[in-house]
Amino acid sequence: MSSVSELYDVTWEEMRDKLRKWREENYRNSEQIVDVGEELINEHASKLGDDIWIIYEQVMIAALDCSRDDLAWSCLQELKKQFPDSHRVKRLAGMRLEALERYEDANKLYDSILQDDPTNTAARKRKISILRAQGKSSEAIRELNEYLEHYAKAAFCLEELMMTNPHNHLYCEQYAEVKYTQGGLENLELARKYFAQALKLNNRNMRALFGLYMSASHIAASPKVSAKVKKDNVKYAAWATSQISRAYQMAGRGKKENKCSVKAVEEMLESMQITMS
Amino acid sequence: MGEVELSCLAYAKMFLHASQFPRCSVNGLLLSSSPAEGAVCITDCVPLLHSHLSLAPITQLALTQVDVWCAQTQQRIVGYYQANACVSDSSPTPCALKIAEKIFEQCNNAVLLMIDGEKMFPGCRVPPIVMYERKDARWALKDKHTIMLRQWEETCSVVNQLFSSGDQALLVDFDSHLDDITKDWTNPKLNAKIMELVSPANGNV
Numbered sequence: 001m002s003s004v005s006e007l008y009d010v011t012w013e014e015m016r017d018k019l020r021k022w023r024e025e026n027y028r029n030s031e032q033i034v035d036v037g038e039e040l041i042n043e044h045a046s047k048l049g050d051d052i053w054i055i056y057e058q059v060m061i062a063a064l065d066c067s068r069d070d071l072a073w074s075c076l077q078e079l080k081k082q083f084p085d086s087h088r089v090k091r092l093a094g095m096r097l098e099a100l101e102r103y104e105d106a107n108k109l110y111d112s113i114l115q116d117d118p119t120n121t122a123a124r125k126r127k128i129s130i131l132r133a134q135g136k137s138s139e140a141i142r143e144l145n146e147y148l149e150h151y152a153k154a155a156f157c158l159e160e161l162m163m164t165n166p167h168n169h170l171y172c173e174q175y176a177e178v179k180y181t182q183g184g185l186e187n188l189e190l191a192r193k194y195f196a197q198a199l200k201l202n203n204r205n206m207r208a209l210f211g212l213y214m215s216a217s218h219i220a221a222s223p224k225v226s227a228k229v230k231k232d233n234v235k236y237a238a239w240a241t242s243q244i245s246r247a248y249q250m251a252g253r254g255k256k257e258n259k260c261s262v263k264a265v266e267e268m269l270e271s272m273q274i275t276m277s
Numbered sequence: 001m002g003e004v005e006l007s008c009l010a011y012a013k014m015f016l017h018a019s020q021f022p023r024c025s026v027n028g029l030l031l032s033s034s035p036a037e038g039a040v041c042i043t044d045c046v047p048l049l050h051s052h053l054s055l056a057p058i059t060q061l062a063l064t065q066v067d068v069w070c071a072q073t074q075q076r077i078v079g080y081y082q083a084n085a086c087v088s089d090s091s092p093t094p095c096a097l098k099i100a101e102k103i104f105e106q107c108n109n110a111v112l113l114m115i116d117g118e119k120m121f122p123g124c125r126v127p128p129i130v131m132y133e134r135k136d137a138r139w140a141l142k143d144k145h146t147i148m149l150r151q152w153e154e155t156c157s158v159v160n161q162l163f164s165s166g167d168q169a170l171l172v173d174f175d176s177h178l179d180d181i182t183k184d185w186t187n188p189k190l191n192a193k194i195m196e197l198v199s200p201a202n203g204n205v
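Same order as they appear, the protein sequences are chains X and E.
At position 236 of the first sequence (counting the first as 1) the number is 236 in my numbering, and the numbers step up by one without a gap.
At position 130 of the second sequence (counting the first as 1) the number is 130 in my numbering, and the numbers step up by one without a gap.
Do not rely on the hints blindly, as some may be mistaken.
Subject to a maximum C-alpha distance of 16 Å in a straight line, what follows is the list of computed EDC-like cross-link-like pairs (lysine to aspartate or glutamate) [claimed, not checked]:
| id | chain 1 | residue 1 | chain 2 | residue 2 |
| --- | --- | --- | --- | --- |
| 1 | E | Lys135 | E | Glu105 |
| 2 | X | Lys224 | X | Glu186 |
| 3 | X | Lys263 | E | Asp67 |
| 4 | X | Lys136 | E | Asp89 |
| 5 | X | Lys224 | X | Glu189 |
| 6 | X | Lys80 | X | Glu57 |
Now the in silico label distances, taken between C-beta atoms and shown as ranges [to be verified]:
| id | chain 1 | residue 1 | chain 2 | residue 2 | range |
| --- | --- | --- | --- | --- | --- |
| 7 | X | Ala221 | E | Leu141 | 38 to 48 Å |
| 8 | E | Lys135 | X | Ala247 | 22 to 32 Å |
| 9 | X | Glu6 | E | Ser19 | 24 to 34 Å |
Which residues of chain X face chain E? A partial, calculated answer using Cβ under 7 Å [stated by the list, open to error]:
| id | residue |
| --- | --- |
| 10 | Leu170 |
| 11 | Met206 |
| 12 | Ala251 |
What the hints contain is simulated information worked out from the structure, not anything from laboratory work.
Think of the CB as a built atom: it goes at the ideal place given N, C-alpha and C, for glycine as much as any other residue.
Just need the whole structure built from these sequences, with the hints factored in.
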């Protein structure tokens, strides 16, 4: 089997940078991470400097996903040697036990972390994952509620997230989706505003664009709104429509293959225009 | 109630969808290009989501777009499938029941299909499927003998070939389409690959 560097003609630096990109963007393409990471660790460990520890962590988690316990174990050993009392490494050890379905042992590990540090949310989340994996959803929910005891609703959580991460368009967009799902005129208006905000932060977020279009259309079609509100929302929806059409036209340029999805969107936009007017 | 037939194409794409996102719940719509009378023939499927299945806007959007596409291609939405993230639990969630209800309003022999994650290992002899139908105002388990998967061995072989050739990565669901709209959720490339693999087995769809 040829190496990743041979197959893709990449240098070790490029492999390291790829791993970083996947880390930062939270990709869970575990098979690729294992392929690239394992080679990097085996062939180029000395060149990686301090990066190697976070790479061990990343590769270990990916290895668990791919049932590569051999690799997960060796990464874990290196981390244990370097950081003998770390809670973070302990959590990784717990994840390995979970992968081996040794839930009791994993729980013991997490409990010991929580004894030392009761605010350790990572350990708490792992305990909830175990309950879910065991199919004990009502217990998981109870634990989750305790963990979220200051947060009454998903919307509240997202509000907190948005406050601390004001530039994150994904939280904004998700909040809007929750509001839309809750329904009712007030929530729809909030949804529309947050979809718009998400678009301000990232004007290529298609979910936000469609969300804006749908919430504005629903508000405009509601019998309860004033003529002015209706007019404004028709404008917002029309703007969204033109942006969506443009995006799909650019996407469909020269590509015969996505004619289907492009046509479906066009027709959908047309049909919704009729219901609004 | 009636018989339900599941084509290789529909089964393969559902299976690929569930495999592509092993840590997530996934869902999708079941389609038929056959006439409305008689047995329900599920000839194709559209994979929809792998995140936030219970949030309304994207689900509504996807249903609308698939509806439009079906009208353009003479197909009907005849069911809904879902694979839960938790492999040991294949019971329908409230969200699944809601969507299936909606489909039932338009199609009176609609089916709700749950994928049984525990049976998805290679070499498993039985299809990893649990099907529900509408009976007495609730969703009841369908009699296994009314569910037809023609040429099950060939279907399994087609799926295995897709994995060994790496073509399973071609699958695009609606969620992925929204992340990159140049990707087509009608999956023409993958469909063609699957039909190529199926045709030696006597033109069975």
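To see whether the hints hold, each was checked on the structure:
Of the pairs offered as hints, the one joining E/Lys135 and E/Glu105 holds, with about 14 Å between alpha carbons and a cut-off of 16 Å not exceeded. At roughly 11 Å between alpha-carbon atoms, X/Lys224 and X/Glu186 fall within 16 Å of each other, so this suggested pair holds. For the given pair, X/Lys263 sits about 12 Å from E/Asp67 by alpha-carbon distance, which is consistent with the 16 Å threshold. For the hint pairing X/Lys136 with E/Asp89, the CA-to-CA distance comes to about 10 Å; that is within 16 Å, so the pair holds.
Taking the CA atoms of X/Lys224 and X/Glu189, the gap is near 13 Å; set against the 16 Å cutoff, the hint holds. Restraint check for X/Lys80 and X/Glu57: satisfied, since their Cα atoms lie roughly 11 Å apart, inside the 16 Å limit. The hinted window of 38 to 48 Å between X/Ala221 and E/Leu141 holds, with their beta carbons roughly 39 Å apart. Between E/Lys135 and X/Ala247 the CB atoms are about 44 Å apart, so this pair departs from the stated range of 22 to 32 Å.
At about 28 Å, the beta-carbon gap between X/Glu6 and E/Ser19 stays in the expected band of 24 to 34 Å. Interface hint at X/Leu170: violated, since its Cβ lies 11 Å from the closest Cβ of chain E, which is beyond the 7 Å cut-off. The interface hint given for X/Met206 holds, since its Cβ lies 5 Å from the closest Cβ of chain E, which is under the 7 Å cut-off. Taken as an interface hint, X/Ala251 checks out: its beta carbon lies about 4 Å from the nearest beta carbon of chain E, inside 7 Å.
This entry does not satisfy hints 8 and 10, going by the numbered hints stated previously.
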